[in-house]
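Student: Residue numbers (this note's numbering), protein chains in the order written: chain A, 102 to 430; chain B, 13 to 56.
Among these hints, one or two may not hold up.
Under the rule of at most 25 Å between Cα atoms (straight-line distance), these lysine to aspartate or glutamate pairs were calculated in the DMTMM-like manner [claimed, not checked]:
#	chain 1	residue 1	chain 2	residue 2
1	A	K331	A	D311
2	A	K158	A	D177
3	A	K332	A	E358
4	A	K143	B	D54
5	A	K158	A	E249
6	A	K135	B	D54
7	A	K332	B	D54
8	A	K169	A	E230
9	A	K180	A	E250
Calculated from the structure, these hints are not laboratory results.
Given the structure is predicted, the values throughout are model-derived calculations rather than measurements.
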Amino acid sequence: MSRKTKEKKPGKGKWAVIYILTFVVALIAGVLSKQISPSWAKDYSVKWTDEVGTAYKDLSYGDLPAKKYDIYVPADNTKESYGLIVYLHPGGFTSGDKQYDHEMLEWLCSMGYVTAGINYTLRDDEHPETSVYSQSIEIKAAVPVVIEEAEKLGYHIDSLGMAGGSAGHCLAMLYAYRDADTSPVPVKVCIGAVGPSSFYPEDWSCYGFDARTEETDEAAAGLFGIMAGKKITPDMFGTPAYDEAMKDISALLWVDEHTVPTLLCYGAYDRVQSFEASKRLDAALTEYGVPHDYIVCEHSGHGLQNDSESSHRYSQLMVEYLDRYMPVR
Amino acid sequence: MSVTAKRLLIVLIIAVVAFVLGRLGMRFFMNLMLGGTMFGGDFL
Numbered sequence: 102m103s104r105k106t107k108e109k110k111p112g113k114g115k116w117a118v119i120y121i122l123t124f125v126v127a128l129i130a131g132v133l134s135k136q137i138s139p140s141w142a143k144d145y146s147v148k149w150t151d152e153v154g155t156a157y158k159d160l161s162y163g164d165l166p167a168k169k170y171d172i173y174v175p176a177d178n179t180k181e182s183y184g185l186i187v188y189l190h191p192g193g194f195t196s197g198d199k200q201y202d203h204e205m206l207e208w209l210c211s212m213g214y215v216t217a218g219i220n221y222t223l224r225d226d227e228h229p230e231t232s233v234y235s236q237s238i239e240i241k242a243a244v245p246v247v248i249e250e251a252e253k254l255g256y257h258i259d260s261l262g263m264a265g266g267s268a269g270h271c272l273a274m275l276y277a278y279r280d281a282d283t284s285p286v287p288v289k290v291c292i293g294a295v296g297p298s299s300f301y302p303e304d305w306s307c308y309g310f311d312a313r314t315e316e317t318d319e320a321a322a323g324l325f326g327i328m329a330g331k332k333i334t335p336d337m338f339g340t341p342a343y344d345e346a347m348k349d350i351s352a353l354l355w356v357d358e359h360t361v362p363t364l365l366c367y368g369a370y371d372r373v374q375s376f377e378a379s380k381r382l383d384a385a386l387t388e389y390g391v392p393h394d395y396i397v398c399e400h401s402g403h404g405l406q407n408d409s410e411s412s413h414r415y416s417q418l419m420v421e422y423l424d425r426y427m428p429v430r
Numbered sequence: 013m014s015v016t017a018k019r020l021l022i023v024l025i026i027a028v029v030a031f032v033l034g035r036l037g038m039r040f041f042m043n044l045m046l047g048g049t050m051f052g053g054d055f056l
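Sequences are here, hints too, so could you generate the full structure?
Tutor: Now the structure itself:
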C-alpha cells in the first residue's frame, strides 16, 4: 500500500508542474497576443528600401537641439510637383520623438508623397516655459524650412497635408486651421487621431474637471494655463475672455467655412484627453459644412486599442482623403 | 477516458483559460492607462 503511494506521488508532482507551466506560458502568450498587429495593418506599412525612397534625418530648423526634422522623399523624382505630408508625433506634449513615426512616414512616402516628421521642444524640467502654443509656433516656423529643403532635394512642393497623433494631432490641427494662411503652399487636408481641440472644463471628465467645484476649476485653470502659456483663472471659464485666451491652442475656435477637409478618429473612453471636446469639433465642422469624417472607437480609449474595425476604417479613409484632396499626379 | 487523457484535457483547459486571462489582463491594463471597455470591440 505504502509502496503504491510512493510510486504515484512523483507522477502527480510532474503533472502539477506541467499544469503550472502551461498556465504561465499560455498567460504570457495571451498577453503577447494583444501586441500583434491586426492582419490589415500590413497594407499600411512598407519595407523601406532605396527603391522606395530616401530619408534625410535630424535636419535642423532652428538653434535649439529639439528643433529637428526628418524628411522622406520618394525614389521617383521625375514628377513636376509633390504633395508634402507632415506627421507630428504624440507624447502628451512632454515626450515622444519623430523617429517613432518612421513606419507611418515611410508608408505615406511610398504612396508618392514627400513626408516629414518634425520634433518640437517638449515641456520638461529643462523647458518649463514650453507650452502647446510655443510648440505650435515652432511647427509654424518649421514648415517653410521643410518645404525649402524638399525643393533643394529636387522635389517641388505644391500642397500640404497636416497629420498627427494625440499631441501631434493637436498641433497639426492648429497649423491646418489657424496657420494655413501663412503656409508657403495650400493646406489641403488635416488627418489625425485623439488630439485635443478645445479646453472647456465641463468636457474634461477624464480629469474630473466636469465636477466644476472650486478645487477642480483651480486644477483645470492650472493645466489649461500651462498648455496655453497664459495665466488662466477659474473665473474666466464660460466667458468670452476665456475663449479669447485659449483660442491660440483651440483648433475648434478656428473652424469656419474655409477649414480644410478633416479626418478625425477618437476613442469614446479616452482617459488622456477629452472625448467630449471631439464631439464639439465634429459639430463645428458639420455646422460650417467642412468635408469631414468623424470615426468613434466605441470601446477604446486614447490608444484606439479595442476597435480594430474602426481603426481599419480610419486607415482606409486616410488613403481616400489623400487620394481625393492631395492626389499624386 | 484514461487518466492521461483526462490530464491532457485539463492541460488544454488551463491553456485556454490562461490565454484568455492573459488577453483580458492586458486589456485591463491598457484600459487602466488609456481608457476603454473590458468587453466589446475586438476579441476580448
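Student: Quick check: which numbered hints come out false for this structure?
Tutor: 3 and 7
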